[in-house]
Amino acid sequence: MRNYIDFEKPIEEIERKIDELKQLKGYGDKKVIEEIEVLEKEAKERSRQIIENLTPWQQCLLARHPDRPYTLDYIKAITEEFIELHGDRRFSDDPAIVGGLCRIDGIPAMLIGHQKGRGTKERIQRNFGQPHPEGYRKALRIMKLAERFHIPIVTLIDTPGAFPGVGSEERGQSEAIATNLMEMSLLKTPIVSIVIGEGGSGGALALTVADRLFMLQYSIYSVISPEGCAAILLKNDKPLTQEDFAKAANSLKLTAQHLQNYGITDDIIEEPQGGAHRNVEETARNIKRFILSSFEELHGIDPFVLVEKRYKKLRAIGVFLE
Amino acid sequence: MGWFKKTTKDSLEEKKVKIPEGLWVKCPSCKEIIYRKEFDKNLKVCPKCNYHFRIGANERIHLTVDGGSFIELCPGLSPVDPLEFEDTMSYEERITSNQEKTRLKDAMSIGIATINKLPVVIAVMDFSFMGGSMGSVVGEKVVRAVEASFETNYPLIIFTSSGGARMQEGIFSLMQMAKVSAAIGRLKEIAVAYISVLTDPTFGGVSASFAMLGDIIIAEPKSLIGFAGARVIQQTIKQQLPEDFQQAEFLLKKGLIDMVVHRREMKMRISNILKMFGFCPLKK
Numbered sequence: 188m189r190n191y192i193d194f195e196k197p198i199e200e201i202e203r204k205i206d207e208l209k210q211l212k213g214y215g216d217k218k219v220i221e222e223i224e225v226l227e228k229e230a231k232e233r234s235r236q237i238i239e240n241l242t243p244w245q246q247c248l249l250a251r252h253p254d255r256p257y258t259l260d261y262i263k264a265i266t267e268e269f270i271e272l273h274g275d276r277r278f279s280d281d282p283a284i285v286g287g288l289c290r291i292d293g294i295p296a297m298l299i300g301h302q303k304g305r306g307t308k309e310r311i312q313r314n315f316g317q318p319h320p321e322g323y324r325k326a327l328r329i330m331k332l333a334e335r336f337h338i339p340i341v342t343l344i345d346t347p348g349a350f351p352g353v354g355s356e357e358r359g360q361s362e363a364i365a366t367n368l369m370e371m372s373l374l375k376t377p378i379v380s381i382v383i384g385e386g387g388s389g390g391a392l393a394l395t396v397a398d399r400l401f402m403l404q405y406s407i408y409s410v411i412s413p414e415g416c417a418a419i420l421l422k423n424d425k426p427l428t429q430e431d432f433a434k435a436a437n438s439l440k441l442t443a444q445h446l447q448n449y450g451i452t453d454d455i456i457e458e459p460q461g462g463a464h465r466n467v468e469e470t471a472r473n474i475k476r477f478i479l480s481s482f483e484e485l486h487g488i489d490p491f492v493l494v495e496k497r498y499k500k501l502r503a504i505g506v507f508l509e
Numbered sequence: 127m128g129w130f131k132k133t134t135k136d137s138l139e140e141k142k143v144k145i146p147e148g149l150w151v152k153c154p155s156c157k158e159i160i161y162r163k164e165f166d167k168n169l170k171v172c173p174k175c176n177y178h179f180r181i182g183a184n185e186r187i188h189l190t191v192d193g194g195s196f197i198e199l200c201p202g203l204s205p206v207d208p209l210e211f212e213d214t215m216s217y218e219e220r221i222t223s224n225q226e227k228t229r230l231k232d233a234m235s236i237g238i239a240t241i242n243k244l245p246v247v248i249a250v251m252d253f254s255f256m257g258g259s260m261g262s263v264v265g266e267k268v269v270r271a272v273e274a275s276f277e278t279n280y281p282l283i284i285f286t287s288s289g290g291a292r293m294q295e296g297i298f299s300l301m302q303m304a305k306v307s308a309a310i311g312r313l314k315e316i317a318v319a320y321i322s323v324l325t326d327p328t329f330g331g332v333s334a335s336f337a338m339l340g341d342i343i344i345a346e347p348k349s350l351i352g353f354a355g356a357r358v359i360q361q362t363i364k365q366q367l368p369e370d371f372q373q374a375e376f377l378l379k380k381g382l383i384d385m386v387v388h389r390r391e392m393k394m395r396i397s398n399i400l401k402m403f404g405f406c407p408l409k410k
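Note that the protein sequences, when read in sequence, are chains A and B.
For what it's worth, the working numbering labels the leading residue of the first sequence as 188, then goes sequentially.
For what it's worth, the working numbering labels the leading residue of the second sequence as 127, then goes sequentially.
Here chain A stands alone, though its shape is the one from the complex (with noise of 0.2 angstroms):
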């Protein structure tokens, strides 16, 4: 069954009604086709009316939508073949970020990403997306063996951000973040990120440094939650409301056309009509093709200059004065 989110609501009632036609005895009718198909054309005017429109708070329930594809959903469409590795080899494995071996298009290559997990019970045992250090770790050592085997690096970004829990802080949540930043940064094998759903802060960017940053067309990407940032600043006793979260998400200029404006991300990749949960294939093709142009432009450059031209465009970013 699909899910709807608030402002998706007038497509819901128009789906509904296009499936009761279909319970219908007199499906076969050529009227009741008919008015099914003014109603679908119906649906995908609204549905496109909707996504113009969208507030970046809108955008950041749109990036959660309890139907966005999710790592796991991209590697089965994505890819031939693909075999999952498991473990930091010192404390467990994390199931909030997968990854392993797999073939794009018969290029081998090694593919990580978070991963939410779909109904309560998986959600519960992914942790909703959100790593331990573990999870970092695992990564890392994942990625210095493909560095090793030349084998480029592909990073799928969905996390609200990495976990703010009493076993993270012991076993070193900011020692692997940090980790994680300064080695991806040395590896000289081909990177390319991109941000599918929600890219939370701390926790996305340990899989972020990369030598191509893409966004999907209405993921977001974020030194905070609008919930947090709202949090911090609006220090009174009062519950905090969506009004607050959607100024807050207004402020931090937190959409994939924001980040793009500011030079931050290489690309942006349109996702269908309505949001990529409308069309996985399609939006995994989407995605395919730019990890594939990205792959040829990465390829064949001498490992060295791939690490100083990274570190470069990381070295560029900030605005001051002086």
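Source of the hints: derived by calculation from the structure; they are not laboratory data.
You may find that some hints are simply not true.
According to the in silico footprint, chain B covers these stretches of chain A (three or more CB under 8 angstroms from chain B) [said to hold, decoys possible]:
1. 234–248
2. 354–366
3. 370–383
4. 408–414
5. 438–445
6. 494–505
Under 8 angstroms between C-beta atoms, here's a sample of chain A residues computed to sit facing chain B [claimed, not checked]:
7. F278
8. G389
9. L392
10. V396
11. L420
12. L427
13. N448
14. I455
15. E509
Given the structure is predicted, the values throughout are model-derived calculations rather than measurements.
Glycine included, C-beta positions come from ideal geometry on N, C-alpha and C.
Guided by the hints, dock chain B onto chain A, whose structure is given.
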């Protein structure tokens, strides 16, 4: 129950000891009243409970380097407002008011100095400037300090004190984490030591980047250090946190830092470590 509340409030007010401004200091940790002269002589450490008060960048530099040896680098770096960020106050206004309050341009000062005659590059954060948060200026200054170390081969010493990334600079702040970590990565390929000294508090984007990347990591006693704040963690897991949670001593026990060092011994400890790594005083 109105009368009951009132008595409580009254009795609280009675208990409050009026302290003349400036002469005495109250320890926020053990509530001890300390005579200011004694307090200053003790380097702003509570003589009773050993709580290390937060101190500003200038004071920290004064305590750490040889007198008159500090030469500040890029003192003019100053923040701008790339997002045109609005909250209860515009970011521009916030910058101005913090600059007036602290007489600093931003939350970090960097420079070249000597510590017991050993030349070093030193970078010090100041919590009083917007909670020591890291935006473009702090990020850039860390990288310039790293670059200065790279060029001179002088070891790098960074004192941290920060609530994390500066959200008013949005994605630019987040990216500073990657930028500074990448810069430090280049330092790791040569024999130049990086000593990271964590002081109260060190959190978020600062702890998850340059703070935790020191070759040697030192912390001041009882400093709070972590990735997420205790309040956020408590809201997430809804359980009581261990009493010493995120204190320097807790991190030491968990294997996350090398040592906890008293402020009084910091200078000597740093120079002793550097000497063992083979760093020498400048020849005249």
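Tested hints:
no.	hint	verdict
1	234–248	violated (count 0)
2	354–366	holds (count 11)
3	370–383	holds (count 3)
4	408–414	holds (count 4)
5	438–445	holds (count 5)
6	494–505	holds (count 6)
7	F278	12 angstroms, violated
8	G389	5 angstroms, holds
9	L392	6 angstroms, holds
10	V396	5 angstroms, holds
11	L420	4 angstroms, holds
12	L427	13 angstroms, violated
13	N448	11 angstroms, violated
14	I455	14 angstroms, violated
15	E509	6 angstroms, holds
Checked against the numbered hints above, the structure breaks hints 1, 7, 12, 13, 14 and satisfies the rest.
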